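Trainee: With chain A held as given, fit chain B onto it using these hints.
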Amino acid sequence: MFARSAIATRSAAPTLNVAGQSRNMATLKEIQVRLKSVTNISKITASMKMIASTKTTRAQRSMNVARVYGQVSNDFVKQSGVEKAEGAKELLVVASSDKGLCGGIHSSLSRSARRYLNEGENAETPVVVLGDKAKVQIQRAFAKNIRYNFNQLGSTIPTFDETSIIASTILADKSLEFDNAKILYNKFVSPIAFETSSIESFPITQIVEAPNFAAYEVQDEILENLNEFLFANNLHWALVEGHASEMAAKRTAMENATKNAGDMIQRLTLQYNRGRQAVITNELIDIITGASAL
Amino acid sequence: MSFAWRTAGMNYLQYSSIAARALRRVVKADLQTEIAKREGVAIKFAKWDNGKAGALNNVPLIETRPKAEN
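Chains A and B, in that order, give the protein sequences. The end of the first sequence is residue 294 by my numbering, with every number in the run present. The end of the second sequence is residue 364 by my numbering, with every number in the run present.
Okay, chain A solo, but in the shape it has when bound:
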């Protein structure tokens, strides 16, 4: 159907040939400019992909370490048989980062944060946002819930020093008044897939009351230390794993961008060459008709 209409328009407008030709000349130049910029963009995205690939491998390596630490401390909490207390005050921590250009990784986080806050009983939950990208998105609807935001993180692999400082700032603020912390992060499933999930961080006061806690024979004096460490450890796990997912997502996004730019280059080159051919043919026709008219 499309082909037929194309033929129809072509045969119906032979008188517009002159106008069409001059338009063709203009677009030829335009196509050339366009082609150049698309080629430049594809070069940039290709090198960004390379950078993201190397960063992914490194981030994955440190994620595997952080995950072991996180899982061990979470196993301890799980084995103690702790249950979420009725009416426990929650704190939502959203572990995102500052950098964009990595697909839907930040919007996926803030979407699940919004979904959580939209549930009736969570409407008043205080929120701590790590990273600027999620901040902007959460701010729009839930600015009142945000208590802290941290930025300047996510350009390198998060260190435990950084996490400790974030954790101590959160723990030091007595006005936050939370029992459980729910840490939203992007779980690294595979280099091409991530899944937004959450880590529940329990306070030591609840763990102490858990049925199997006595088996661990933890001395009372170090309970507070343990509480601080557990929270920081969970936060660190979330940040490092989120960083690995982000780098992997960036790699995929840049790979797609490079592929799309390649397609575009191909199409524009074809269009450019066709246009060039048409101009040459037209000029030849002009010369021949001019010569035969003599």
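Keep in mind that the hints were calculated from the coordinates and are not lab data. Hints should not be assumed to be uniformly reliable.
[To be verified] Straight-line C-alpha distance at most 30 Å; calculated DSBU-like pairs for lysine-lysine:
hint: 1; chain 1: A; residue 1: K99; chain 2: B; residue 2: K322
hint: 2; chain 1: A; residue 1: K182; chain 2: A; residue 2: K55
hint: 3; chain 1: A; residue 1: K29; chain 2: A; residue 2: K182
hint: 4; chain 1: B; residue 1: K322; chain 2: A; residue 2: K187
[To be verified] Computed footprint of chain B on chain A, listed as stretches where at least three residues anywhere in the stretch have a Cβ under 8 Å from a Cβ of chain B:
hint: 5; region: 153-161
hint: 6; region: 164-172
Note that this is a predicted model, so its numbers are computed, not measured. Glycine included, each C-beta is placed from N, C-alpha and C at the ideal position.
Mentor: Showing chain B alone in chain A's frame:
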């Protein structure tokens, strides 16, 4: 038993990060370059009040060395 550093107003995380810093400074020279990356915090934070962001501040760091030496 109470911890001296807690009496001084530090929490466990601050205490352990200072301990880690001390350890990082005494490792052998060939490992220093790798380890140096783990030091230094550039994080900034802002406290929010009633839907408004406050000023962006540097995170509080506990200095263990005079600034000139760093």
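Trainee: Enumerate the violated hints, using their earlier numbering and listing them in ascending order.
Mentor: Those not satisfied are hints 1, 3 and 4.
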